[in-house]
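Colleague: Construct all of the structure, not just a fragment, from the sequences and the given hints.
Residue numbers (the UniProt record's numbering), protein chains in the order written: chain A, 1 to 315; chain B, 1 to 314.
Where hints are given, some of them may not hold.
[Said to hold, decoys possible] These stretches of chain B come out as covered by chain A in the derived footprint (C-beta under 8 Å, 3 or more residues):
(1) 29 to 43
(2) 238 to 247
(3) 298 to 310
[What the hints assert, rightly or not] Here are a few chain A residues that sit away from chain B, every Cβ distance over 12 Å (derived from the structure):
(4) ASN6
(5) ILE30
(6) LYS51
(7) ARG65
(8) ALA82
(9) SER122
(10) LEU205
(11) ARG302
[What the hints assert, rightly or not] Below are the DSSO-like pairs computed for lysine-lysine, each with C-alpha atoms no more than 30 Å apart in a straight line:
(12) B:LYS227 - A:LYS62
(13) B:LYS59 - A:LYS293
(14) A:LYS62 - B:LYS39
Read the hints as simulated data drawn from the structure, not as lab findings.
Ideal placement from N, C-alpha and C gives every residue a C-beta, glycine not left out.
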Amino acid sequence: MSSRTNISCLQEAARVAIFGGTHGNEMSGITLVNMWIQNSAEIERNGLLIKPFISNPRAVEKCSRYIDTDLNRAFTPENLSAPDVEGLPYEVQRAKEINRMFGPKGSADAYDVIFDLHNTTSNMGSTLILESSTDLFNLQMVHYIKKAMAPHTCSVLLNEHPQLKYSTTRSVAKHPVGLEVGPQPQGVLRSNVFESMRTILKHALDFIELFNSGVTFPPCTVDVFRVQERMDYPRDTNGNITAMVHPHLQDCDWEPLNRGDPMFLTFDGRTVLYEGANTVYPTFINEAAYYEKQQAFMTTGREILAANAIRKACK
Amino acid sequence: MALLFLPALARMAVCGGTHGNELSGVYVVQEMERQRKEKGEGVWPIPVTTVLSNPRAVKECRRYIDTDMNRCFSRDTLSSPVTDSSPYEVRRAQELNNLLGLKGSTDSTDMICDLHNTTSNMGLTLILCTSSDWVTLHICKYLQTKITKVPVRVLVLDFPISDAYNLESVSKHGFTLEVGPQPHGVVRADIYIIMKEAVDLTIDWIHKFNSGTVFEGGDVEAFKFIKSVDYPRDPETRTLTAAIHPQLQDRDFCLLKRGDPLFFTFSGETVKYEEEETLHPFFINEAAYYEKGIAFHLAKKLTLTIPTVQVQKD
Numbered sequence: 001m002s003s004r005t006n007i008s009c010l011q012e013a014a015r016v017a018i019f020g021g022t023h024g025n026e027m028s029g030i031t032l033v034n035m036w037i038q039n040s041a042e043i044e045r046n047g048l049l050i051k052p053f054i055s056n057p058r059a060v061e062k063c064s065r066y067i068d069t070d071l072n073r074a075f076t077p078e079n080l081s082a083p084d085v086e087g088l089p090y091e092v093q094r095a096k097e098i099n100r101m102f103g104p105k106g107s108a109d110a111y112d113v114i115f116d117l118h119n120t121t122s123n124m125g126s127t128l129i130l131e132s133s134t135d136l137f138n139l140q141m142v143h144y145i146k147k148a149m150a151p152h153t154c155s156v157l158l159n160e161h162p163q164l165k166y167s168t169t170r171s172v173a174k175h176p177v178g179l180e181v182g183p184q185p186q187g188v189l190r191s192n193v194f195e196s197m198r199t200i201l202k203h204a205l206d207f208i209e210l211f212n213s214g215v216t217f218p219p220c221t222v223d224v225f226r227v228q229e230r231m232d233y234p235r236d237t238n239g240n241i242t243a244m245v246h247p248h249l250q251d252c253d254w255e256p257l258n259r260g261d262p263m264f265l266t267f268d269g270r271t272v273l274y275e276g277a278n279t280v281y282p283t284f285i286n287e288a289a290y291y292e293k294q295q296a297f298m299t300t301g302r303e304i305l306a307a308n309a310i311r312k313a314c315k
Numbered sequence: 001m002a003l004l005f006l007p008a009l010a011r012m013a014v015c016g017g018t019h020g021n022e023l024s025g026v027y028v029v030q031e032m033e034r035q036r037k038e039k040g041e042g043v044w045p046i047p048v049t050t051v052l053s054n055p056r057a058v059k060e061c062r063r064y065i066d067t068d069m070n071r072c073f074s075r076d077t078l079s080s081p082v083t084d085s086s087p088y089e090v091r092r093a094q095e096l097n098n099l100l101g102l103k104g105s106t107d108s109t110d111m112i113c114d115l116h117n118t119t120s121n122m123g124l125t126l127i128l129c130t131s132s133d134w135v136t137l138h139i140c141k142y143l144q145t146k147i148t149k150v151p152v153r154v155l156v157l158d159f160p161i162s163d164a165y166n167l168e169s170v171s172k173h174g175f176t177l178e179v180g181p182q183p184h185g186v187v188r189a190d191i192y193i194i195m196k197e198a199v200d201l202t203i204d205w206i207h208k209f210n211s212g213t214v215f216e217g218g219d220v221e222a223f224k225f226i227k228s229v230d231y232p233r234d235p236e237t238r239t240l241t242a243a244i245h246p247q248l249q250d251r252d253f254c255l256l257k258r259g260d261p262l263f264f265t266f267s268g269e270t271v272k273y274e275e276e277e278t279l280h281p282f283f284i285n286e287a288a289y290y291e292k293g294i295a296f297h298l299a300k301k302l303t304l305t306i307p308t309v310q311v312q313k314d
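Modeller: What follows is the structure in C-alpha cells.
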C-alpha cells in the first residue's frame, strides 16, 4: 500500500526469531543460538521480541544434518496439516511444532521475521537467501546489511523458482531470511565464518530496530542472483557419480560460467564442458549435503531488484 | 653409505573408505577397480588389492556406523569373540584382518596404503606408526621429491607396534595417506588428483625397488606426535567457549612459539600458547576430533636418517 509520496507503509516487525541447527552439523548457527539462549544481551533490541531457537535439537545432538528427513524441506502444506499420528518422521513432527510456535505459516499470527542460520561447504562467502522478489521489507533489510558489511561482500540469492523453491523452516514467518555462510566443513566451527554470521545478524537486528522506531528507508536497488537451474553430477546407470566438480569451477561461486568452460572432471581425467547458451553464475558449488539431492551446483542469473521506500505503518 | 638388503614387497593393498565420509579414497579405490576391470590384472606393475574398508559407512556417508574402524585393529580387538550384535566395525576389522593379515604373521600383506582425508590444511601428510621402517620411509622420501603441488610431510606416531590399533598395522609395512583440506562428504578434484598421484607413485616405488633399483639413503625431515590440545570448554556443560584462532586456522605444521594465538573466545579474547617449547600444530580443526576432545595435536620436528636400500635377491 503506497502513500502519495510513494512510501510503502508496512506493519511493525515486533516478533523475530533466530533459528540455528535446522541442519544439525552446521555449526555457526548452533553455536550462536546456544550462546544467545544462555545470554541474550547481544541480541536485545528496544521494543523487539527476539527468540533464539534450536530448530532440530536431535540432529544437533547427533551432529548430523537430519534424523529422518531434511527439516528445511519439510514445511510443505501436506506435512503441516498431517494428523498427529505415531510413526511420523521426526522432522515432520518438528515442522508441525515449529509451525505452531512461530506460525501458523501464512497467517496474521505468524512471527514477523525468522533468520535461519546455515553453513555450506561451498565457497559462497556471506550469502543472504530470499524467497520473494516483492517483499519490500526483506529487500530493504538486505540492502541495509550489504551496505553495513561493506567492504565485506554479502551476496543475495533469490529462490523464487516454481519447481526449485522449497518449503523452508523460515517460510513459517512473514519475512523469511536465510543466512548462508561458507566455506565451512560440516561439524567444524571456523572463527571467521562464525564472526561473519554474528555481524550480519547484528546489522539485521539494527535494521529492524530502526524500522520499528519509525525511520523511513529511501527507495533502493538490490543486486541479486536469481536461481535458474540445478545441475547434477554425471552419473552411471547405478546412480553413482562419475565425475567431480572441475578444479577450474571449484570454489568459483558467483563467478561467470560461460559456454565451453570446464565444469566436471571424470575420475579418469576427462573434462566435461558447460554447454549452456548463456552465461550463468553458479553457486552452491560442491555442497556436501547436495550429493544426495542430485545437485553439483545451481545456476543463477544476475538481476537488479528495485524496492520502494518503506516506513512503519502508523497505527 | 652402507647398503641394506630388504625383502621384496610381493603384494600391496590400497584401502579407501576406512572412514565412510572421507571421499577421495573411496573414489580412488573405485577408479582403480574400474581400471582393473577394463585392463585386466596387469594394469599395475605389482599385485595390488583394492579394498573398500567400511562399505556400510561409505553407503551412509558417515565416518562410522558403531565405532571408529581405525581404532579396531589392536590385537585384543582382532581376537575378541564377535557375534551379530558386536559393533559393525569390530566384525569388519576381523574380516579385513583375515583378508590382509593376519596381523603379525608372515602371510600378511606386505604393504597397506590407507587413504584418508582431513578438514585440516595438512596438504599430503604420510602418517607412520614407527620411525624405523626403512621401506615406508623411503616411499615417503620418494613422494616428497616427486610431488610438488602441495607440501608432503612425514608424521610419525611412534607407538610400539604391539599397541597399534589402526588398519595399516595389519600388514608388514603400512602408512596412511592423509590429504586435506577437504570437508567430509565432499570430493574435491584437486585433492583426489593428489591422492591418486601419491598411490601411483607408491606403486611405482615398490615396482622399482622390487626390480633392483638402489635407493640412496639420507636424511628425512619428520614430525613426531607429542600431545593433543583440547578446546576451551565451559566447566559445567563442556560446550566450546572458543574457536581456533584465525591466525592459527589453516596453519598446520607452522612453528608455534610462546605467546602465539591459539583460540579466539566467543567473548572476544585470545587464548595464547603458554609453553616454552616450540612445537608444530597439526590436525588443526579436524571435524572428527571434536568428539575426541582434540582441537589440534602438537609435534616436534626431527630428522630421521635412513640407510641406502636394495631388494635382497633370493
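Colleague: Taking the numbered hints from earlier one at a time, note which ones the structure violates and give those numbers from smallest to largest.
Modeller: Those not satisfied are hints 3, 5, 7, 9, 14.
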